[in-house]
Each structure stands twice: as C-alpha cells, then as structure tokens.
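Residues per chain, in single letters:
There are 2 protein chains.
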Amino acid sequence: MAALPDVVPMPGLPEAVTIYEVGPRDGLQAEKAIVDTPTKIEFIRRLRETGLTAIEATSFVSPRWVPQLADAAEVLAGIGEHEGVRHPVLVPNQRGMDRALAAAATEIAIFVSATERFARENLATTVDGAIELAVPVVDRARQAGIGVRGYVSMCFGDPWEGRVPIAQVVDVVRRLADLGVGTISLGDTIGVATPGHVRALLAALDEAGIGMDRIALHFHDTYGGALANVLSGLQSGVTEYDAAAGGLGGCPFARSATGNLATEDLVWMLTGLGVRTGVDLDRLLAISTWMAGRLGRPAPSRVVQALAAS
Amino acid sequence: MAALPDVVPMPGLPEAVTIYEVGPRDGLQAEKAIVDTPTKIEFIRRLRETGLTAIEATSFVSPRWVPQLADAAEVLAGIGEHEGVRHPVLVPNQRGMDRALAAAATEIAIFVSATERFARENLATTVDGAIELAVPVVDRARQAGIGVRGYVSMCFGDPWEGRVPIAQVVDVVRRLADLGVGTISLGDTIGVATPGHVRALLAALDEAGIGMDRIALHFHDTYGGALANVLSGLQSGVTEYDAAAGGLGGCPFARSATGNLATEDLVWMLTGLGVRTGVDLDRLLAISTWMAGRLGRPAPSRVVQALAAS
Numbered sequence: 001m002a003a004l005p006d007v008v009p010m011p012g013l014p015e016a017v018t019i020y021e022v023g024p025r026d027g028l029q030a031e032k033a034i035v036d037t038p039t040k041i042e043f044i045r046r047l048r049e050t051g052l053t054a055i056e057a058t059s060f061v062s063p064r065w066v067p068q069l070a071d072a073a074e075v076l077a078g079i080g081e082h083e084g085v086r087h088p089v090l091v092p093n094q095r096g097m098d099r100a101l102a103a104a105a106t107e108i109a110i111f112v113s114a115t116e117r118f119a120r121e122n123l124a125t126t127v128d129g130a131i132e133l134a135v136p137v138v139d140r141a142r143q144a145g146i147g148v149r150g151y152v153s154m155c156f157g158d159p160w161e162g163r164v165p166i167a168q169v170v171d172v173v174r175r176l177a178d179l180g181v182g183t184i185s186l187g188d189t190i191g192v193a194t195p196g197h198v199r200a201l202l203a204a205l206d207e208a209g210i211g212m213d214r215i216a217l218h219f220h221d222t223y224g225g226a227l228a229n230v231l232s233g234l235q236s237g238v239t240e241y242d243a244a245a246g247g248l249g250g251c252p253f254a255r256s257a258t259g260n261l262a263t264e265d266l267v268w269m270l271t272g273l274g275v276r277t278g279v280d281l282d283r284l285l286a287i288s289t290w291m292a293g294r295l296g297r298p299a300p301s302r303v304v305q306a307l308a309a310s
Numbered sequence: 001m002a003a004l005p006d007v008v009p010m011p012g013l014p015e016a017v018t019i020y021e022v023g024p025r026d027g028l029q030a031e032k033a034i035v036d037t038p039t040k041i042e043f044i045r046r047l048r049e050t051g052l053t054a055i056e057a058t059s060f061v062s063p064r065w066v067p068q069l070a071d072a073a074e075v076l077a078g079i080g081e082h083e084g085v086r087h088p089v090l091v092p093n094q095r096g097m098d099r100a101l102a103a104a105a106t107e108i109a110i111f112v113s114a115t116e117r118f119a120r121e122n123l124a125t126t127v128d129g130a131i132e133l134a135v136p137v138v139d140r141a142r143q144a145g146i147g148v149r150g151y152v153s154m155c156f157g158d159p160w161e162g163r164v165p166i167a168q169v170v171d172v173v174r175r176l177a178d179l180g181v182g183t184i185s186l187g188d189t190i191g192v193a194t195p196g197h198v199r200a201l202l203a204a205l206d207e208a209g210i211g212m213d214r215i216a217l218h219f220h221d222t223y224g225g226a227l228a229n230v231l232s233g234l235q236s237g238v239t240e241y242d243a244a245a246g247g248l249g250g251c252p253f254a255r256s257a258t259g260n261l262a263t264e265d266l267v268w269m270l271t272g273l274g275v276r277t278g279v280d281l282d283r284l285l286a287i288s289t290w291m292a293g294r295l296g297r298p299a300p301s302r303v304v305q306a307l308a309a310s
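Protein sequence lines correspond, in order, to chains L and R.
Our numbering puts the first residue of the first sequence at 1, with every later residue one more than the last.
Our numbering puts the first residue of the second sequence at 1, with every later residue one more than the last.
Keep in mind that a hint or two might mislead.
For chains that are exact copies, the list does not tell them apart, and a pair is met inside one copy or across any two.
Pairs of lysine to any residue residues, derived as SDA-like cross-links and limited to a Cα-Cα distance of at most 25 Å, are as follows [said to hold, decoys possible]:
1. Lys32 <-> Arg45
2. Lys32 <-> Arg297
3. Lys32 <-> Ala308
4. Lys32 <-> Asn122
5. Lys32 <-> Ala124
6. Lys32 <-> Pro298
Keep in mind that the hints were calculated from the coordinates and are not lab data.
Isolated chain L, as found in the complex (with noise of 0.2 Å):
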C-alpha cells in the first residue's frame, strides 16, 4: 500500500476534480519506443481499473506523423467500451474523422494551436487555418452525437515566440467555445506556466464569459512547477486536469527529460488537499511501474520514484 499523505483542506478549492488521463495517447505519442498493440489495450483495460473516468485511448493522427499510434482503430476495437468511463481519441482532420467514426469512437478530441509559429511548425497551418479545419469536424461530431474536446496549445509560452498574450489566447478559447467544442484544454506545451500566469488566464477568460466549467489545465513538470500550476487552478476554481500515468511522454521542443504531469503527482497533492478524484494510488502504481518496465526506462513521476523506492 502507498503511504498518503495527511488530507488538510485548503478553503475555497473544489471539493472533486475530474482527472483526464492522457498517457495513452499523448504520453506514448511522444515516446520514442513504439508499444505493441495489445500492450496499449492492456494499458488502458488496466487504467480503467483506477477509477479514472476519462482515459484519451489513441489519435487518428496520420500514422506518416505518427508512427506511435498507427494501431488506432485496432486499440479502439480492442479496449471496447467500460460503464461509466470515457474515451475520446484525437482528431485532427477530416480523414481522421472518417477512421474515427469507422472505428465507432464515441468522443472525439480536436486540437488548435494558440501562437502562429505553433501552429506552422506543427500543424502547418495557421492560427485561423487549424480552427477552420476543426470545423467541419465538430459539425460531424454534432451529427453523430457525439461530444468534442478542444485542446489550446501554447497557452503560456512558445518555444520560437516566446511570450504568448492573453488576449490571443482568450480569442482562440473563445472561437473553439463558439464552435460548441465542450471543454476545453490549456496546454502549458513547454512547461513554462507560473501560478499567476495561470490566474491572469483563467481570470481573463472568465471576463470573457469562458466558464471554468468549460475548461480543463493541461501542465508539463518540465520546470518542476506543475502542481503548483494545478494548485492556482483549483484556486480559480477550474475542475479538470490532465495528466498522463507515471508522467508518460514529454515534449520534443522542450528536449527535457521531463513531460506531462504525472497522474500519480496530481492525485497525491489532491488527496492531500482533500479534493476527490476517485483514483486508487496504489492500482496506478502498479500500472507505471509495468509500463515503465515495457519502456526500458524509469517513470519520470516523483510519486512513482518515491513510493517505488520505499
């Protein structure tokens, strides 16, 4: 059994979060290693055990800029569908929309970029181009009925820009919002966010009418600041967080040994601080610990380290 810590709450938090779980796709998409098939259903069978609710399972990305997840629709196929747990898969074009609803996903995840050097280098378009290409995507979803997520890359900091206004960010999270995309994610893509960088944004779109029930934070630990970015969420009272399973993946442009937040940290500070999240410590363990065995290479969450160590 892991040790937890004392539960102290802290007034003015939220009293539960949802923890959307990103290692699946986000975390093995950056890995250099390619995990089998049946590993990544396993994976995720395995997650689903938590009490996680929310597991991104894969991308119907192009597997010519993805060769990680080109086991898309035979992942999808095989995890099958689990009461009370949610799976979107990323979306990036309409091609990915035809293999995503080939394969019968039952939410998808659209992705936009918040700087134009971003959006160039990565999705080689623009600002305005990515959002224009989401929407054809997002009406297909609507018809389908099924939900949208939205992702907002570089909301803090960009790797070629530097510094990222606020305002241009509130205008992207306003169009997507517009668009009746459902919530929407903050990426700290490079890991530079500071709490009241955080603040200012959620602030800024709350003025802007962007309820944080809209929004979910998506931090990086690349600078060791992650939970305390998740601590001024919570204070601003944004109720979704993204993290990936023993901190999977991480971020090429930063070229740090470091990535997504770890799932394992987040949900040792929420314990901690008294705000629920449903997920067993101890099963996730467990599950980065094998998956860190599959990888070759230890899980770069400190919980994992820690508890492993003990």
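Position chain R against the provided structure of chain L, taking the given hints into account.
Structure of chain R alone, referenced to chain L:
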C-alpha cells in the same frame, strides 16, 4: 542565457523573499560522495556570486556521524567573510559550539525534532532532550553576539509515526521562539507536506503569536509538490525558503532519489510570480552543472535538467 518565464504577478504574495541556501551543508551531508575541501570552498565562493545572501556553510556535528563535513573548520576558514552574505553553520551541541566558536563562526543554526521517534532515531534523545541540548548553545551564541537559526524536523509527517499533529509542531516552535532563536525553519523532512497542511500549520503558528517574519519553510520535492507548498507559504506571508543548489541532497529515510527543493526550481517559479530573490539563475545553473560533474550524476533539479538539455 537561461530562458526565463514571463513575469505575471499573483495578488497577495510578498514582493521579495530570502532564499536560504542549504546545498553546501544539508545537500552535501546527504550525498554519498565525499567532496574535497577545496571543492566545497569553491562551491560556496561561487554560490555567493549569484546574489544569494544566506548560505549555510557547513556543520560542526561529530565527524563520526557526518564524515562528509569533517572539514567544517577548514571550510569556514577557507571561504572567509563576504559583504552582504551570511554563512551560518550547523551546531548540534556544546562540543560543536566549542568548535564553531573556535572557527570564528558568525551565525549558527541548531536543530530539534517535532516527533519523539525522529528525536530518538536521529538525535538519540527526546523532543524535550533536543531542546534542552539547545539551551546552553543558544545562550553562548547570545553571549558571543551571534545569531541563531532553528530547524524543526518532521513538521508534516514522520516515517515512523505518520501524522504529526499541528499542535505538537506549534509547541516546539514556540519553545524555540521563547529561547530567543531567530528564524525557525519548518522542515518537511520526508517531503509529505501538501498545500492545505502548510496553510493550516502557518495559521496555527500565527494564532499562537509566532509571526510569519520568524518562519522559514524547508521543503523536499519527494512527491513533486515542493513548489505548490512554497506557493501556499507565500500566500500565508512567509518570506524565507530553504533550497539546495541543483536539488543536492536527499533524505535517507524516504530512500528516494529526490531531496531538497532545488534552488533553481524555486528561483524559476518566483521569477514568474514577480517575487524578487536577487539570485542570478544563469550563474546558479553553471554552478550546479559543475557540481553535478564533481558528484558524477545529473542534478535532480527539473530546471537544471530542462535548461541543460536545451
């Protein structure tokens, strides 16, 4: 030049804080490798070129307990005095005080435990016994006209006892304050603090009449939450934080790879929050990279890892 985060202040935080650097003492004493005396002296001399104003230099604990710091007098003589930089030294008892005074120490730090079990395991005494041991040391410091800092270990959790009642910590802190100890550093020795716990302990101290100007916070990043705990401390008005360059050190009781909060990670977040530290991150990074080379392993600091890779 290190990339630095955007400065976006957060309302209600202090304008400036003191970083109390513990790398040369708390960091090196917990490293397996024994660093030679000239390297220690160079380490401290270089650290004080970064803008740090408080650098704990060494410990006059018995060399039988901590062979890593057996050269305390040589180190103190070797670094000399430096305008605007304090160099406290750790003193465990009267014998240590004899050696510290003979070595012309200008400030000392004493340490006690918040828990009986840690007092027994680590100090071979009781909670009361450790405080009694400190009384004549503090008296002699007062007679010599030098300042005294106090460390309280295990303020948030104990590896044997588990939960540490807040009232128990407040009692020990109050007794140190009554003795005339200046700043009292609350140690999260095994890294289990979470932000609500930090806030609750600080509120209890404030209610007991211990001003936040008497308090420093000493976090370990064992579970990834050190900076979230710093944020909580800032929100409660604490203006002094212990940290170790590069994240040097570790806690043998947690058997984890991660030890003290890294000074770089702290400076990075504080910079983003617009809280002044006076510390030059580039110089600090260069020192930690150099010391990691001496120790033959990468610095645990997330910021060092991210920026060394970039």
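Against the structure, the hints come out as follows:
For a Cα distance limit of 25 Å, the shortest separation of Lys32 from Arg45 inside one copy, 22 Å, qualifies, whereas the shortest one across copies, 41 Å, does not. Both within a single protomer and between protomers do Lys32 and Arg297 lie at most 25 Å apart by alpha-carbon distance, with minima of 11 Å and 23 Å respectively. Taking identical chains as interchangeable, the C-alpha atoms of Lys32 and Ala308 lie at most 25 Å apart whether they share a chain (23 Å) or sit on different chains (20 Å). In this homomeric assembly, Lys32 and Asn122 come within 25 Å of each other (Cα to Cα) only inside a single copy, at 18 Å, whereas the closest approach across copies is 44 Å.
Only within a single protomer do Lys32 and Ala124 lie at most 25 Å apart by alpha-carbon distance; the minimum there is 22 Å, versus 50 Å between protomers. Taking the closest pair of Cα atoms, Lys32 and Pro298 come within 25 Å of each other both inside a single copy (14 Å) and across two copies (21 Å).
When the structure is compared with the earlier hints, no violation turns up for any of them.
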